[in-house]
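Engineer: Going down the list, the protein sequences come from chains A and B.
Anchor point for the first sequence: position 81 equals 81 in full-length UniProt numbering, and the numbering is continuous, going up by one each time.
Anchor point for the second sequence: position 118 equals 118 in full-length UniProt numbering, and the numbering is continuous, going up by one each time.
Warning: the hint list may mix true and false statements.
As the list claims (entries may be wrong) - Between beta-carbon pairs, the in silico distance windows are:
#  : chain 1 : residue 1 : chain 2 : residue 2 : range
1  : B       : S112      : A       : E52       : 42 to 52 Å
2  : A       : D12       : B       : P125      : 47 to 57 Å
3  : B       : D12       : A       : D70       : 32 to 42 Å
4  : A       : G116      : B       : T49       : 37 to 47 Å
5  : A       : D67       : B       : D70       : 17 to 27 Å
6  : A       : P18       : B       : T5        : 21 to 31 Å
7  : B       : N75       : A       : N115      : 55 to 65 Å
8  : A       : N115      : B       : E134      : 28 to 38 Å
9  : B       : E52       : A       : D70       : 49 to 59 Å
10 : A       : R16       : B       : Q126      : 33 to 43 Å
11 : B       : P18       : A       : R77       : 53 to 63 Å
12 : B       : D67       : A       : N115      : 51 to 61 Å
13 : B       : D67       : A       : I147      : 28 to 38 Å
14 : B       : E52       : A       : N79       : 46 to 56 Å
Hints listed in this document are in silico derivations from the structure and should not be mistaken for laboratory results.
Don't be surprised by glycine CBs; every beta carbon is placed ideally from N, CA and C.
Number of protein chains: 2
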Amino acid sequence: MSGNTDIEGLIDLMARLPGLGPRSARRAVLHLIRKRGQLLSPLAQAMLTVSETARECLNCGNVGTTDICDICENNGRANGQLCVVEDVSDLWAMERSGVFRGRYHVLGGTLSALNGVGPDDLRIPQLRDRIDAEAVTEVILALNATIDGQTTAHYIADQLEGRALLTSLAQGVPIGGELDYLDDGTITAALNARKPI
Amino acid sequence: MSGNTDIEGLIDLMARLPGLGPRSARRAVLHLIRKRGQLLSPLAQAMLTVSETARECLNCGNVGTTDICDICENNGRANGQLCVVEDVSDLWAMERSGVFRGRYHVLGGTLSALNGVGPDDLRIPQLRDRIDAEAVTEVILALNATIDGQTTAHYIADQLEGRALLTSLAQGVPIGGELDYLDDGTITAALNARKPI
Ligand SMILES: [Zn+2]
Ligand SMILES: [Zn+2]
């Protein structure tokens, strides 16, 4: 405890970040106070900016600072390929690999009977609309190799059958693995070796 | 990569926090963007406040939002005991244990021939001044049980010999251990069993 209300409040908020507990939040705040000129003040400003401007792309679900994200706005990426991912972190992981040049569709999760997540809770209706609207010829299902991820992939494959070539990431994605934890090379290999469903 | 400059900038700053690498910084920022109303915006405000008001106590080196910290201002804690710690995180750890009712002196590190840290690089001259100014009768050296911590304790003991009772935390502090990693009970036991040097 610092005994100071403002500093305590900051520690409590920091401790709510994923990966930081109370101890690491205290250490982070002390570090920030020591570097208040070089780090704390710029970080506060960056957070303020992002909190005011960040939003989800109305088309694909990526996060950015415009209603339609840079990838959706980029006509060079309207190549008929649509890569379906669970979360924005997966989209970012794909982008880091640099191998995919089409567009994305972020579902916002997976179907889950257990958690009561149905198709309308995800961005699945919007996915159907985009097939025609954007003349999509191939849908790459880049979902995590978990049970829920694969259930969701099969549901989408059923829904879109006959409307586009359906492929999935192939070799390289380990059983139970999540995209965001893979190295770029593995993602590249899996995308290059994708196979029809 | 998010492809968005503001969001990328925020991720880069977050990755400079201790305990967060690039991946956990990305996850933290996505979490913040999802919870921008409940978490990101209050966190930005709290950081802004602390970046504008945080300072080191001119007397003891604790951090707070006033020139003299709450502990130094509290006359109820002018009981003649002064607890010397290496860092503010150690002071906070002592305060969490709730057992110490005197005041603190934060050195700001340890003596280190290797890193070229001498007495004047730490708050050691100010410590000497406080013995008389605050009628200190006991100096508790609560330094980490590392080689540099113990070297520093011996140097301070030499400097203050005959001017106050010198004690150190006793049982409970493991060899090579750091205060900030100890549970409150261990700190309490070590303080209660302190012994003259
Ligand atoms: Zn988009
Ligand atoms: Zn103070």
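Engineer: Are the hints correct? Go through all of them and say.
Structural biologist: Here is how each hint holds up against the structure:
1. S112(B) x E52(A): 42 to 52 Å: 45 Å, holds
2. D12(A) x P125(B): 47 to 57 Å: Violated, since D12(A) and P125(B) (Cβ atoms, about 36 Å apart) do not stay within the stated range.
3. D12(B) x D70(A): 32 to 42 Å: Between D12(B) and D70(A), where Cβ atoms are some 18 Å apart, the hint is violated.
4. G116(A) x T49(B): 37 to 47 Å: 40 Å, holds
5. D67(A) x D70(B): 17 to 27 Å: The hinted range 17 to 27 Å is violated for D67(A) and D70(B), with Cβ atoms some 47 Å apart.
6. P18(A) x T5(B): 21 to 31 Å: 23 Å, holds
7. N75(B) x N115(A): 55 to 65 Å: 56 Å, holds
8. N115(A) x E134(B): 28 to 38 Å: The hint (28 to 38 Å, Cβ to Cβ) is violated, given that N115(A) and E134(B) are roughly 59 Å apart.
9. E52(B) x D70(A): 49 to 59 Å: 34 Å, violated
10. R16(A) x Q126(B): 33 to 43 Å: About 37 Å separates the Cβ atoms of R16(A) and Q126(B), which means 33 to 43 Å holds.
11. P18(B) x R77(A): 53 to 63 Å: 38 Å, violated
12. D67(B) x N115(A): 51 to 61 Å: 52 Å, holds
13. D67(B) x I147(A): 28 to 38 Å: 59 Å, violated
14. E52(B) x N79(A): 46 to 56 Å: 49 Å, holds
The structure fails hints 2, 3, 5, 8, 9, 11 and 13 (numbered hints given earlier, in ascending order).
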